[in-house]
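One line per chain: the protein sequences are A and B, in this order. Position 99, counted from 1, in the first sequence is what the numbering used here calls 99; the numbers after and before it change by one each time, with no gaps. Position 18, counted from 1, in the second sequence is what the numbering used here calls 18; the numbers after and before it change by one each time, with no gaps.
Be careful, since some hints might not be right.
Incomplete in silico selection of chain B near chain A, CB under 10 angstroms [unchecked claim]:
1) Met1
2) Lys2
3) Asp68
Below, simulated EDC-like cross-link-like pairs (lysine to aspartate or glutamate); rule was C-alpha separation at most 20 angstroms, straight line [unchecked claim]:
4) B:Lys2 to A:Glu133
5) B:Lys45 to A:Glu133
6) A:Lys192 to A:Asp180
7) B:Lys2 to A:Glu134
8) A:Lys190 to A:Asp203
9) A:Lys132 to B:Asp68
10) B:Lys45 to A:Asp203
Keep in mind that the hints were calculated from the coordinates and are not lab data. In this text the structure is predicted, and so the values were computed from the model without any measurement. By construction, the Cβ of each residue, glycine as well, lies at the ideal position given by its N, Cα and C atoms.
Residue strings, one per chain:
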Amino acid sequence: MRIILHSDCNGFFASVECLYNPEIRHLPVAVCGDVDQRHGIVLAKNEIAKKYKIKTGEAIWQALKKCPDLYVAKPHYDRYIRFSQMATRIYSDYSNLIEPFGLDESWIDITGSVKDFQEATKVANEIRMRVKEELGITVSIGVSFNKIFAKLGSDLKKPDAVSVITPDNFREVVFPLPADCLLGVGNATKRKLKNLGINTIGDIADCPRDILRFNFGKNGDTLYSFANGYDTSTVKPLGYSSLPKSIGNSTTPSRNMENLEDVKIVLTILCDSVCRRAREQNLIAGTVSVNIRDKDLFIINRQAKLNRHTNLNREITAAAMSVFEGNYEWRKAIRSIGVSLSDFRSGGEAEQTSLFTNEEKRQGLYELDCSVDSLKKRFGSYCVRSALMLKDRELSSFSPKEDNIVHPVGYFH
Amino acid sequence: MKEYVSVTARFDPDGNLLPVKLHWKDGRVFDIDRILDIRYAASLKAGGAGIRYLCRIAGHERYLFLEDNRWFVDGK
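Isolated chain A, as found in the complex (with noise of 0.2 angstroms):
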């Protein structure tokens, strides 16, 4: 049997503002995006916050609503990635299967250091302890014998503690919980599950794994052996990576855009981001998608499957203005747009050439936008800009590779 642990620090990037600001730490804190950038979203909150329902997500007008006193913290993230690692580090005396979810969560294999839940959970405080006193944060720790418990069960208690749940405690435990304390079970298949009368997690493994097939397709299967503890998924070594399903970036520029310039500007920017990304891990790719969101926040999403597997710059900034132009049509000004790519191929394999295009000049194209990745990677992205950039500096002022922060990305991603 494993024996995996998931530590989770509480309101991470608010406990790492307190731990910085000795003098709001009894003060209910909120991390907040920038407003003047339009982000003024809660990223995290303190305990304090907590009691005033303050939740993640919400604007902060809404959240100053419901806590006039709210005291709005700016965003450190350098300082996040940096007790990220510290955290990573000390995990890292204990395993080598260390697997993060975002920068506040990781996944810990300890079956090869310990022999049984005791012993776990005797490690399990250790870590607790030590993430206190050397990163002066806490961390609530699930274990248990496989990823989905030891998640959920760094959810049960908070802040600073540790929940085991074992094969023989887990139906106590587990069962009597409301279904969306499950992975993978949001607001949409709660209510699904709602109407067939499914309300606990205990009630889905209870239900005939057919009729959760029937209702939810393959993730039914999924759903049954997460709620029985059937998850045999594996704590990936440290450093990691597998091919990624998509590599994306989509901004929200200081204002919106109003014409078909406007959104050329951001989208060449955006395309050139992601093709250096796509470059760097020598990857091509066969699908481009763009995302809009109008100034009224209705969101539409486009692709477009391109001819030939492309990572060039001028490529697929096309493909994105041809989805856009083939897609949109101007009732409303655009808040933020986002670029994607996907259906990836390894740069290296050998390719069908096309009897029509010059594959010399594509060739070169490929070394001139390497050189240029090159320029950028010493002395910055604004180094060398496409000319167009010049024509709106407030919407071109924007590096996306450089202000990308990689966010958690879904669990079955």
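Take the given structure of chain A and dock chain B to it, following the hints.
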């Protein structure tokens, strides 16, 4: 209170970084007579986290923190 300070430090042949002298803001320089303990630690008082050196300076024991590449003491 977090008090950033200038420090003269020495790398030993194993690559360990050890503080030797502490330069106080009023110009006084204190020799660090002995380092009693080195560990990763947070300073709740000053607000920060890094490597904490427990130093004996002129008969007193004081914590000196190295955070990234800045040194600080948790002043009173």
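**Asked** Which of the numbered hints are not met once you compare them with the structure shown?
**Response** Violated: hint 10 alone.
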